[in-house]
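Listed here are the chains, written in short residue letters.
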Amino acid sequence: MALVTFDSVTRHYPGADRPALDALDLAVTDGEFMVLVGPSGCGKTTTLRMLAGLEPVDAGQIYIGDHDVTAADPGHRDIAMVFQNYALYPHMTVAQNMGFALKVAKTPKAEIRARVAEAAQLLGLAELLGRKPKDLSGGERQRVAMGRAIVRRPQVFLMDEPLSNLDAMLRVQTRNQIAELQRRLEITTVYVTHDQVEAMTMGDRVAVLRDGVLQQCAAPRELYRTPANVFVAGFIGSPAMNLFTVPVVDGAASLGGYHLGVPREISSAATHLVVGIRPEHLQIADRGIGVEVDFVEELGADTYLYGTTVDPQTSQSVVARVPGNTEVRRGARLSLGFDVTALHFFGSDGARLG
Amino acid sequence: MTGPPTRHRIAGLLGVYAGLGAVTACALFPILWALSGSLKRQAEISQPMLLPAHPQWSNYVEVFARMPFWRMLFNTILYAGCVTAGQVFFCSLAGYAFARLPFTGRDTLFVLYLATLMVPLTVTVIPQFILMRVFGWTDTMWAMIIPGLLGSAFGTYLMRQFFATLPIDLEEAAILDGCSPWAIYWRILLPHAKPAVMVLAVLTWINVWNDFLWPLLMIQRKGIATLTLGLVWMQGEYVAEWPVLMAASMLMLAPLVVIYAIAQRAFVSGIAATGFGGR
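Chains as they are written, first to last, in numbering that gives the first Met the number 0: chain A, 0 to 353; chain B, 0 to 278.
FYI, nobody ran anything at the bench for these hints, they're computed from the structure.
Across the chosen pairs, the derived CB separations fall in these ranges:
| hint | chain 1 | residue 1 | chain 2 | residue 2 | range |
| --- | --- | --- | --- | --- | --- |
| 1 | A | T69 | B | M117 | 45 to 51 Å |
| 2 | A | L169 | B | L149 | 49 to 55 Å |
| 3 | A | A218 | B | R264 | 55 to 61 Å |
| 4 | B | N206 | A | Y62 | 53 to 59 Å |
| 5 | B | P180 | A | D134 | 26 to 32 Å |
| 6 | B | G104 | A | D16 | 24 to 30 Å |
| 7 | B | P180 | A | A218 | 41 to 47 Å |
| 8 | B | I145 | A | A70 | 39 to 45 Å |
Glycine is no exception: its CB is placed at the ideal position from the N, C-alpha and C atoms.
All chains should be built: construct the whole structure from the sequences, respecting the hints.
Right, dumping it as structure tokens:
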């Protein structure tokens with residue numbers, strides 16, 4: 000059952016030449032962890048804010064359960080949000096912060112206390128309940144913000160880049176905590192991030208947005224294995240997928256002097272193709288794409304080779320991820336081989352072929 | 000941190016302290032002079048000495064004999080208290096609306112309201128007087144309380160500027176927590192605006208406390224007069240008996256000093272927080 004449904008939802012900021020969000024159709028199922036990801040300005044935060052009711056909807060409908068909440072007050076949507084900079088009330092203690100929504104809703108005091116204590120226990124905040132936000136570390140504030148959302152037992156959690164203010168180590172740790180907590184509480188969550196690692200590791204499904212348009216919504220593995228278009232292919236994965244624009248001559252395409260085995264049903268239809276291959280699918284081989292290495296990055300377990308194709312007409316940049324013990328010097332010329340099944344093909348409009 | 004003090008640094012600091020000392024002396028001297036005057040005999044008043052040979056504490060007793068000091072003190076506190084409470088309440092409400100609530104013509108209205116700051120009191124005082132007469136409030140306490148109660152352009156400006164600096168996330172969090180605009184103002188923003196409220200309260204209190212022109216126009220009866228009026232009336236009735244007058248001034252100043260001493264820390268940090276410091 001879909002718990003949150005976006006039905007052709009559009010938001011057009013006054014004065015902007017294109018919509019911030021263009022006819023979004025998206026269904027988040029009950030208990031699902033949905034991640035919205037994309038570069039800045041892609042409309043992911045706008046989507047979240049519209050679901051929260053902090054941003055008006057210009058066209059389309061938003062449903063939570065069976066209720067059309069498109070015009071509902073934020074306070075009546077049964078949602079809770081974790082803000083990027085937490086937005087804790089500075090004049091209230093941790094306990095007051097966490098219990099505030101319940102107090103506004105005139106929940107009996109004893110119940111507020113019990114629910115705050117329960118959430119504090121869950122998040123390891125029990126010792127901090129009497130403190131003010133200014134006396135907390137970044138990670139503690141983040142947990143209080145989580146606690147404030149949990150205490151309300153909402154139908155939907157909204158999270159707007161909740162980890163972006165933490166340092167790298169804490170971010171990884173908190174990332175896992177949030178994902179685990181969400182699985183335990185089974186509360187439908189919509190999570191916004193620009194970090195594709197967060198998206199891939201946390202989400203049950205990931206929705207990739209660009210310029211206000213949904214590009215693809217799929218499970219992380221599927222997103223990685225069968226990106227729907229060139230943008231998703233290039234956005235998901237680090238280092239990014241190699242994308243080569245190649246001409247198709249007499250039903251065949253070649254790159255760096257190497258013939259690419261493009262299936263006939265794909266090559267017959269086009270004059271140009273975008274061919275994609277992940278860096279880890281390239282290996283140094285006797286036969287393959289001719290490449291000159293510009294730069295070598297040794298990371299220990301892996302080595303990244305950055306180079307350009309040896310092609311008199313169009314030299315294109317290439318990244319290959321090879322085992323860490325590979326010894327390659329800058330300026331070396333080598334061939335990068337691959338399995339034909341690892342190739343991705345995209346048409347000149349960017350959409351996936353085959 | 001800075002290293003050990005060098006001769007150059009010490010010289011610089013000495014210069015700074017000398018400058019500050021000079022300014023402080025200029026500010027304090029008149030008050031010290033009044034304090035010293037309040038302890039002198041009438042004949043000694045123009046003699047250039049700070050400590051009179053025989054301090055005349057009786058001057059202070061005389062003040063209570065010549066004016067209904069306690070009554071006037073009560074009146075002044077009542078007026079200042081009411082006006083301060085009203086100013087804080089209405090200015091912060093208006094400041095919140097001007098800073099955050101979207102409505103048509105908001106910014107134009109704010110600029111117009113702000114422009115009234117440029118109009119000197121002397122221009123509006125006669126129309127205000129007429130208004131008070133129409134309402135039948137002249138020579139009543141209402142005339143002292145109502146006009147100042149409903150806020151001022153300065154206070155609204157001060158509060159608006161402060162609210163505008165608060166992160167919008169706080170309000171959005173409150174909206175999601177189910178707060179109405181009133182609850183956001185009352186439960187989230189106002190507690191957070193303590194520094195600005197403190198500044199506005201202290202400035203308003205001092206303003207009302209020291210105001211002379213408006214009470215002079217409005218009040219005839221001693222029973223509802225303020226201390227400033229009492230002071231001036233004393234001057235008329237007793238042909239400027241300076242030591243007693245100065246004793247009365249000192250008595251009038253004392254509550255302000257006490258209030259300031261209590262609120263000083265909050266006031267100074269408020270001045271910094273609201274950006275009204277001389278930076």
